[in-house]
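Using the sequences provided together with the hints, build the complete structure.
Under the numbering used here, the sequence shown is numbered contiguously, ending at residue 484.
Everything labelled a hint here was simulated from the structure, so no lab data went into it. Treat the hints with care, as some may be off.
With a straight-line Cα cutoff of 30 Å, these simulated DSS-like cross-link-like pairs (lysine-lysine) come out [what the hints assert, rightly or not]:
(1) LYS261 - LYS71
(2) LYS335 - LYS376
(3) LYS362 - LYS11
(4) LYS335 - LYS361
(5) LYS79 - LYS26
(6) LYS11 - LYS26
(7) LYS376 - LYS361
(8) LYS261 - LYS11
(9) LYS168 - LYS196
(10) LYS362 - LYS26
(11) LYS168 - LYS71
Okay, the calculated beta carbon distance ranges per label pair [what the hints assert, rightly or not]:
(12) GLU234 - THR110: 26 to 32 Å
(13) HIS401 - THR109: 35 to 41 Å
(14) HIS191 - ARG269: 28 to 34 Å
(15) SER208 - SER2: 20 to 26 Å
(16) SER208 - LYS442: 21 to 27 Å
(17) LEU118 - ILE78: 19 to 25 Å
(18) GLU234 - THR164: 27 to 33 Å
These numbers come from a predicted model, not from an experiment. Where is the CB? At the ideal position from N, CA and C, for every residue including glycine.
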Amino acid sequence: MSDPRDDLHSKFLPLNRYANFGPALKSIRIQGFRGMNDLLVDFQFPITAISGLNGAGKSTVGQLCLGGYKKPTTVTGIKRFYIRDFFPASAADPNPFGPNSSVIFEYNTTDAEITQMLTVARANTEWSGYKRQPERSCYYIGFTIYIPKVEQRDLSIYRGSRLTLGVKRLIPDEVREKVGRILGQQYNAMHFQGIKHGLRQGELGIASRFGAQYSENNMGFGEGRTLYLVNLLENSPEQSLFVIEEPETSLHENAQFELGKYLIDVCNRRHHQIVMTTHSSTLLNALPSDARVMLHRDAQGVESFPQMSAARARSILSAGRQRELSVLVEDTFAKLLLTEMIRRIDRELLRCIDIHDVGDKKAVRMCALFMKRINKPYIAVRDPDVGPDPANGILSFPGTHPPEHEVYLNKDVQIHINAEFGIDVAHILVQREVTNHHEFTKVLAEEASALPDYLRTLAIRCYLDSIENQAFQPLVALIQGHLP
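Structure, rendered in structure tokens:
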């Protein structure tokens, strides 16, 4: 079965993007807003999860995205967003933006090689540049999408005994099932119930579970918000833009991960573009690295770091013990390989460094640039098929192919694995058509009936015996040279 993230990534390739997602945002450049002097955010995946410390500017980016479209003439019941909706000037905030503030929107078009650029800029006391914008249904999912009725002083609470019931609006089974899957609950039925008291009208979400029926007045905040969010994503026009503030709020950890999977699913089916803010490492882990952008604010302004999350940055910067140097690598296999290389050359060096697996080659580069920006000691080591980038403190492993290729296709390693487990590595990889080197360990461990960690460690140690220390001693020496 294919990975839904890969399917969605394929749909968002430049040649396929407009056909699937319409005039989606390709990038946004922000100038003169809340310390954002010249911030460029690229949208490399239909879902963009923006992380960062509080005050970094996450909400600002999302809110400005909403000002990039006209409301479709064929759609009713939604509003058009303008920049002034989110940046009102007042006596308390006389200058929420600068006199030369602007937002440059870049849209995908029918031609994969050509994009549409449009600038909305401050002209005297008004904003100009809205007229040529493409049409798109846009939704802002802040915290008011779902406010518990008791906090609203809603008629369902304070006029409850005198209510009359109105029209029942059914919730389709597929929506009910998706809400249940996210929350880890099994619902028998769901619907929205119209309510009336005099001239006042409203609506209540109703759920049935374990033979009992209850309204949203007796739901938790996370349960109620998830119901409203999923219902809106499923019933809005296709190719809509959603800006969602911290969708993980009040959800337990597994529900956050399942929500991430659901967002990938709904974008695959309904071709929405989603820009969301988040502080959840669990939610971020459900998404591919192309979906992540971290914002960092300092005295120089705000800068974006694609393929990286604030959670990843915090884990690097706040390790349980203070080490002198952070070493960035792509994945678990690279981390183990480098650890064993260093152990053979300079065992004590391992006490002075922290090795972090941060993602793919782009994530390694972004993490390196982030560490450089905040002036923290680091070195990065990425796969040899990409090569080094000394100007940005990036080295590479020895060889010419990704580490998994170098290890598992080494003849001595193949002989050793065959003797230990009775399997032919080269034959298995061809027979099972395994072309993604990240799958090598998993597939071979299945065939060998071995734990992946054990097989990986065995193969790496045999590989290092085969190539001998002189092959990787220069790499270890360069790491030693970067110690503060």
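Hints, verified against the model:
1. LYS261 - LYS71: holds (29 Å)
2. LYS335 - LYS376: holds (20 Å)
3. LYS362 - LYS11: holds (20 Å)
4. LYS335 - LYS361: holds (14 Å)
5. LYS79 - LYS26: holds (23 Å)
6. LYS11 - LYS26: holds (14 Å)
7. LYS376 - LYS361: holds (20 Å)
8. LYS261 - LYS11: Given pair LYS261, LYS11 holds - Cα atoms ~17 Å apart, limit 30 Å.
9. LYS168 - LYS196: Roughly 12 Å between the alpha carbons, so the hint for LYS168 and LYS196 holds.
10. LYS362 - LYS26: holds (18 Å)
11. LYS168 - LYS71: holds (29 Å)
12. GLU234 - THR110: 26 to 32 Å: holds (27 Å)
13. HIS401 - THR109: 35 to 41 Å: Holds - the Cβ-Cβ distance for HIS401 and THR109, about 38 Å, lies within 35 to 41 Å.
14. HIS191 - ARG269: 28 to 34 Å: violated (22 Å)
15. SER208 - SER2: 20 to 26 Å: Given a distance of about 35 Å, which is not inside 20 to 26 Å, the answer is violated.
16. SER208 - LYS442: 21 to 27 Å: violated (41 Å)
17. LEU118 - ILE78: 19 to 25 Å: holds (21 Å)
18. GLU234 - THR164: 27 to 33 Å: holds (29 Å)
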